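*Asks:* Spelled out, the chains give:
There are 4 protein chains.
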Amino acid sequence: MPPDNRSAPEPFAFSLRVYYEDTDTAGVVYYANYLRYLERGRTEWLRALGIEQARLARETGLVFAVRSLAIEYLKPARLDDPLAVLTQLDAVGRAQVTLKQWIERGGETLVEASVRIACLDVKKMKPAALPAEIGKRMSLNPH
Amino acid sequence: MPPDNRSAPEPFAFSLRVYYEDTDTAGVVYYANYLRYLERGRTEWLRALGIEQARLARETGLVFAVRSLAIEYLKPARLDDPLAVLTQLDAVGRAQVTLKQWIERGGETLVEASVRIACLDVKKMKPAALPAEIGKRMSLNPH
Amino acid sequence: MPPDNRSAPEPFAFSLRVYYEDTDTAGVVYYANYLRYLERGRTEWLRALGIEQARLARETGLVFAVRSLAIEYLKPARLDDPLAVLTQLDAVGRAQVTLKQWIERGGETLVEASVRIACLDVKKMKPAALPAEIGKRMSLNPH
Amino acid sequence: MPPDNRSAPEPFAFSLRVYYEDTDTAGVVYYANYLRYLERGRTEWLRALGIEQARLARETGLVFAVRSLAIEYLKPARLDDPLAVLTQLDAVGRAQVTLKQWIERGGETLVEASVRIACLDVKKMKPAALPAEIGKRMSLNPH
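Protein chains in written order, with the working numbering: chain A, 1 to 143; chain B, 1001 to 1143; chain C, 2001 to 2143; chain D, 3001 to 3143.
Note that these hints are calculated values from the structure, not bench results.
Please read all numbers here as calculations on a predicted model, not as lab measurements.
Hints are not guaranteed to be accurate.
Lysine-lysine pairs mimicking BS3-like chemistry, simulated, CA-CA at most 25 Å apart [what the hints assert, rightly or not]: (1) B:1123 - A:124; (2) C:2126 - D:3123; (3) B:1123 - A:123.
Chain D stretches covered by chain C per the calculated footprint, using a threshold of three residues with CB under 8 Å from any CB of chain C [claimed, not checked]: (4) 3009-3023; (5) 3026-3033.
Glycine included, every Cβ here is placed at the ideal spot set by N, Cα and C.
Excised from the complex, chain A in its bound form (with noise of 0.2 Å):
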């Protein structure tokens, strides 16, 4: 996607497959299921930061959510298509996160998203800052 990131690093990657599942009566994958992929695109990016979310949930309390997403939907996918999910870190804050995702089949964009995301205490569903360790390790591997 974005051809004028020249000096931005590499995005993360996480390859997936459509299913029936992910598709709609007019044979496309319906729109709402291009946000799993993200989601999925951007749990992976954290795991190969070293950050499981269901661990960090349970030791700190923490989850991030999104806040905001901006979305273009440019191409349909469909059934048994391989995808590529693509992220690349955006801004890093106190308390949140902005990536910019998108969706690539044989190297043709199909969606492009930015995703706004923070951190949450999940007991009180409040704002909390992001751990100094988890920003440090964004910050060092932007892919």
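Based on the hints, put chains B, C and D in the right spot on chain A.
*Replies:* Just chains B, C and D now, kept in the frame of chain A:
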């Protein structure tokens, strides 16, 4: 459905509509999504008995969980179809409940299921006795 | 929501309930599932205008597809919450429509979205002019 | 699972991960979502036999549809769990196929299912004979 249940009480009926999200690229409702419909039917049956599951979980730590399910797919539902989910008590045990459920479109049965549900302590994820009051309400209003 | 839309017509309201299927292990509605709610709201808005999408597809080969979406997640919805999806026409173009949509619980806005929808020829998956009759109905009943 | 199937061939194994989208507010995988996992397992089993369902539908008008299913939920899966979906041919008929499927986490069986699948002419939604080549491939590679 059950033509032999002559003496059975009226089943509990819940109406819903098929949306794009429910369908797949074969042009019909995706097979797993009928289980979502059945669960909505059970939830509204419980609500009609005065049982709100969110409150039940909060106040007693109890949740209902499906232990087993047998389902026949007779005819497909399609986009925009108005459906009715029918629920009928089959048996109430100490810690579990068996239900007959079926889904109709204009009087025609599309799907038939038998569902066994256990009462669980959500913290331990272990079987727990059904509260007496709930068992009583189910038996007195068997639908 | 939009406090500045004083002269705007009443939005179209569609009511729904949060079920287990909609929630996730963080205890709230999963972020992609609000898009399912928005789509149900749009479908019922179209139905109130006399437009059945399944029939439209069958008779004209036309479908509506989301081209872009911006969404803010303000507060989480939870199991058993009764929600209202509000839909308001923003603009009608030759081959696309822009809508404001938001989701409320008891008058409190949980989610706000702006959605751009295109009219597509489903066989070619290419933009098609919105049928004049449909554009007229939308403009006369802008909700 | 099936400890008595001593002479049975090795089941076909497909690995997946539990994401937020799969879980519900009880902290476990939502019961309908195991059917999505089973369907992914069947799709990959077919792909391993050289059968791509999207191509099959396009070239022959044939789809596979679940006619009945019996499932036991033994233990819950949770966020981040790595799971294996196991698929084993039970019987091949003229127009339908029966499979045993189960889901494991680290060798422990969480879910067991028996699934009957019919070959359908997607236009008429009527049973159709399984193409001889496909029946042969299944029988020779019964997994």
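*Asks:* Take the hints in turn and mark each one as holding or not.
*Replies:* Hint-by-hint comparison with the structure:
1. B:1123 - A:124: holds (19 Å)
2. C:2126 - D:3123: holds (24 Å)
3. B:1123 - A:123: Given that 25 Å is the threshold and the Cα spacing comes to 16 Å, the pair holds.
4. 3009-3023: Coverage by chain C holds here, the residue count being 3 at a Cβ distance below 8 Å.
5. 3026-3033: holds (count 5)
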